Amino acid sequence: MAATPPLKPIHPTEPATGIVPALTVRDLSISFGKNKVLKNVSIDIAAKSVTAIIGPSGCGKSTFLRALNRLHELTPEARMEGDIRLFGDDIYARNVEPVLVRRRVGMVFQKSNPFPTMSIAENVTVGLRLNGVHDKKTLAERTEQSLTMAALWDEVKDRLNAPAISLSGGQQQRLCIARALAVKPNVLLMDEPASALDPLATAKIEELIVDLKKEYTIVIVTHNMQQAARSSDFAAFFYLGELVEFGTTTKIFTNPVQKRTEDYVTGRFG
Amino acid sequence: MQSLTFVCALLVVLPLVMVFYHLLREGFSSLNWNFFTQLPKAVGEKGGGMANAIVGTFILLIQAALLGVPVGVLGGIYLSEYGGTKLNWWIRFAADILNGVPSITWGIVVYALMVIPMHGSSALAGGVVLGMMMIPLVMRTTEEVLQLVPAGYREAAYALGIAKWKTIVKIVLRTAMKGIVTGVLLALARVAGETAPLLFTALGNLGWTHHLTEPIAAIPLQIFNYAISPYDDWHRQAWAGAFVLLMLVLAVNVGVRFLTRDRLAKPNSRTL
Chain F
8 MAATPPLKPI
18 HPTEPATGIV
28 PALTVRDLSI
38 SFGKNKVLKN
48 VSIDIAAKSV
58 TAIIGPSGCG
68 KSTFLRALNR
78 LHELTPEARM
88 EGDIRLFGDD
98 IYARNVEPVL
108 VRRRVGMVFQ
118 KSNPFPTMSI
128 AENVTVGLRL
138 NGVHDKKTLA
148 ERTEQSLTMA
158 ALWDEVKDRL
168 NAPAISLSGG
178 QQQRLCIARA
188 LAVKPNVLLM
198 DEPASALDPL
208 ATAKIEELIV
218 DLKKEYTIVI
228 VTHNMQQAAR
238 SSDFAAFFYL
248 GELVEFGTTT
258 KIFTNPVQKR
268 TEDYVTGRFG
Chain W
15 MQSLTFVCAL
25 LVVLPLVMVF
35 YHLLREGFSS
45 LNWNFFTQLP
55 KAVGEKGGGM
65 ANAIVGTFIL
75 LIQAALLGVP
85 VGVLGGIYLS
95 EYGGTKLNWW
105 IRFAADILNG
115 VPSITWGIVV
125 YALMVIPMHG
135 SSALAGGVVL
145 GMMMIPLVMR
155 TTEEVLQLVP
165 AGYREAAYAL
175 GIAKWKTIVK
185 IVLRTAMKGI
195 VTGVLLALAR
205 VAGETAPLLF
215 TALGNLGWTH
225 HLTEPIAAIP
235 LQIFNYAISP
245 YDDWHRQAWA
255 GAFVLLMLVL
265 AVNVGVRFLT
275 RDRLAKPNSR
285 TL
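Residue numbers (our numbering), protein chains in the order written: chain F, 8 to 277; chain W, 15 to 286.
In case anyone wonders, no lab produced these hints; they're calculated from the structure.
Owing to the predicted nature of the structure, the values given are computational and were not obtained by experimental measurement.
Keeping only pairs whose Cα atoms sit at most 16 Å apart, straight-line, the calculated EDC-like set for lysine to aspartate or glutamate is:
#1 F:41 <-> F:84
#2 F:266 <-> F:249
#3 W:178 <-> F:80
#4 F:258 <-> F:240
#5 W:100 <-> F:84
#6 F:46 <-> F:90
#7 W:178 <-> F:104
#8 F:211 <-> F:161
#9 F:118 <-> W:169
#10 W:184 <-> F:129
#11 F:220 <-> F:240
#12 F:211 <-> F:162
#13 F:46 <-> F:34
#14 W:184 <-> W:169
#15 F:43 <-> F:88
These stretches of chain F come out as covered by chain W in the derived footprint (C-beta under 8 Å, 3 or more residues):
#16 75-81
#17 184-191
Cβ coordinates follow ideal geometry from the N, Cα and C atoms, glycine included.
Go ahead and model the full structure; you've got the sequences and the hints to work with.
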């Protein structure tokens, strides 16, 4: 799998039955100035499943994630080559606004970042309100839905107007997930969403990820091998900007083809 | 070594203490109700007050804020959120130089730009000169405060598909609002005591100003005129004026302290 021929359809080594790719990435290369951080990555991300992106620090996995919602474009000097399609739509087409891509591809960050000037409810609905949805009933409904999906509703339903940063770290991260879900994206990107949380809060987020894949396509970057093994269906191992191996999580963790993958998942390097 | 630094540190505080002592002794005793409610009396008559100068200072500050706050804040937003690095370097450089320009120079500039073409000193010219002085001050503090807003908030907003300008207005500015208000208040306090630029522009007025094209009184101008006069009663009024001005500036500074302390204690408070 190391040298995937360009532009050919590719599949995980053990494709699950009936997979629809939510994202098809072909020959994706990204450089910042002279620094090439991603090299010819091609991958199919299956819909309604969890795909874990693993690899040592600096392997390009966060950049890969940020290319999926064009957030890497915020970095000056970023240059991208290749082709990414979201359910068939070219998200880098000339007439496509990044803003529209990001409404379909939500993101949760490593450090929880609820807006400090807003209440819990306001944080959930901010993506809707600032995009023109003002109907109170819709907003209230979407608040409850999103918070329920993020497994936070029961904890906060009595204090929706409290400041968001009065919540605990784990709750704040779930609030950020609810905020991302409220705009009803197709895909949810998660950049080490639990790395700053304690084990209990981490367990909650992991449970949540497994729950969410019933409705969403999830791509998660993680440094935590157990987390990848527990909560993902597919795993992609990145090393030095290249996609080394991609397959079902079981295969990657128990019977990888590449030596480097095996060394990494067994903790021998990285 | 330590004692030397201590003495130097004390020397910094000493003038403040002395100014305070004198103003309290001379100024406070000259204060009375008439000072706030009456116009200056003619030469030789006792009594009278600075009602017109107090109102004048507020009118000048309102005009200055109307000019300095929008231009300064928008300029600061440009520096922090939009501009390219090279252009920004030049704008910052220019703003820093402008912040160091002697205030009398501002007076001469506005004298040439407004007072001569309009054939006379005016409240308007006084407001413009103070406003122009506020612009670089407000711009730089706004930029600094916006830079303190963590990039994570901007990214979170972009990741929700929120447009850049909405992110700036509804998220970044709202998060930095207290810092911006603080910067504006400090800039106002700074220009409130300016005298030299007003000599060229607002000129001063012993009565009420009924139109912005007429000269207007201001506390620092009145202090200047009274202090250089030969009359004891006017000297006392000058002390009282200086006391009121200092209290005004002090009130703003204490208010700012209160604001910033509040921000640290309750980063979640939503108003302002």
